[in-house]
Amino acid sequence: MNFVAMVGRLFLGFLGTLGQIGTFTGTALSHCMTPPLYCGIIGRQMLNIGYFSLPVVGMTALFTGMVLALQIYIGSSRFDAEVAVATIVVIGITRELGPVLAGLMVAGRVSASMAAELGTMRVTEQIDALTTLSTNPFKYLVAPRLIAATVVLPLLVAVADTIGVFGGYIIGTEKLGFNSATYIKNTLDFMEPIDVISGLVKAAAFGFIIALMGCYHGYNSQGGAQGVGRATTNAVVSASVLILIANFIITELFFTR
Amino acid sequence: MTDHAGGPERMSPTPKISLRGLSKRFGPKVVLDNLDLDVMPGESVVVIGGSGTGKSVMLKSILGLLKPESGSIKIDGQEVLGLRGSDRDEVLRKFGMLFQGGALFDSLPVWENVAFGLLASGDISRKDAKVVALENLRSVGLGPEVGELSPAELSGGMQKRVGLARAIATRPEIIFFDEPTTGLDPIMGDVINDLIVECVKTVGATALSITHDMASARKIADRIAMIFGGKIIWIGTVDEIDNSGNPYVDQFIHGRAEGPIQMDLLKP
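One line per chain: the protein sequences are A and B, in this order.
Mapping of the first sequence onto our numbering: position 55 corresponds to residue 55, and the numbering continues sequentially without gaps.
Mapping of the second sequence onto our numbering: position 154 corresponds to residue 154, and the numbering continues sequentially without gaps.
No lab work stands behind these hints, which were simulated from the structure alone.
Quick caveat, the model's predicted, so the values are computed rather than measured.
Idealized CB from N, CA, C, for every residue including glycine.
Here are some of the chain B residues that sit facing chain A, going by a computed Cβ distance under 7 Å:
#1 Leu65
#2 Asp89
#3 Ala120
The following block holds chain A by itself, in its conformation from the complex:
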């Protein structure tokens, strides 16, 4: 009986959390769509999320592209299909690895930072102070972060795609002996617009998830320094898991119908 009660409590708690996240998302979206928008804060957040994430996302994309080229070459040589390396690298990077790895790296960097910043503002009463100064915290803190992350992640992923494909090109031409012109021709000939577009749509969704989880956990943190730490961890974990789930759903929508 106790076990059943425990499962019931967990399930009700889960539903309660889903409801809270749903309400938070709805409120945040309504503030994203109604003026005034704090353009200065949106710009600063875009710089923080996009520009300052470039080194870590660029390095991740570069080495992923290089490893992908090596692995595909080794695998495809088993059935004499080495020529497919360039094609598979570009499809793999643009459709999946670019957006997902960039999303996960940014989730680790940005979700944590947002949760820590808003969590600290919560426990030091800065969010309450905003309200007493006739400023809606959703409008001032949450909406700019959501807009910035949703807009800037596709740009970041476009750069990551380019760097990743370039990583495959370096390995393909310098180590595996492909002709440079042939490699580029194979890359461009077999790449379709949908490959890139689906990746960028995923990136926008991942950006929204990253900001939403960072803001939700930070905004609702409680219990001092320990609470802020917990919010930070929860933001990164939930953003990462939701990115993987959203990746599956978007892939389903784009490619299996």
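Starting from the known structure of chain A, arrange chain B on it as the hints suggest.
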């Protein structure tokens, strides 16, 4: 001594703040229990009471940061409980608040913290807002050079003074002070008390403060109210508090461990 419920016998004019039957609980813990309190226009009321007696919850309920289960909150005779959107914003514009820890925005320089409410109203340019902010900083004894600093570079006393400058910058009709002297040395505490008295007088605001610092309460209050068990159990003028005839008030103002207020301590 005045009445038990908080001065409702003072029939006119309309109270600036009127709380009736305010109740708030967190799970099984009842924090406010049918609390009544009136604050008249231009008056400075200080609510004293121990930690966890509901002082901060009362202030946050008035500001709409917490939602009470029942009761009435009237500002200038207008019911504000349940107000949303622009109606709520309009009421909030009447308020200024000095938070216990300052609650200054880390990401902004001091002058922008002070000018935040002015800039949020959209009625003033950044250049003019900065001039007003520096003027407010001067009124709390801080020079213009402080305006360019980050809040993290300020001492506790300076942060309180900046918080006070921010609270009065929009010339609010009502100012709340949440433990204004907590964490300060006695001299700086007295400086803050003097500034509060002066600023409230200059702005012509109604003030509601919460504290457990009796020196501060005696200095800034016209009337003092004591909260215990979620209710206002006594209210009277500063002169009356030493002869309140209320054992709870006597124990609190003399800081005695023995008396009707019992702390939940595990005995060794």
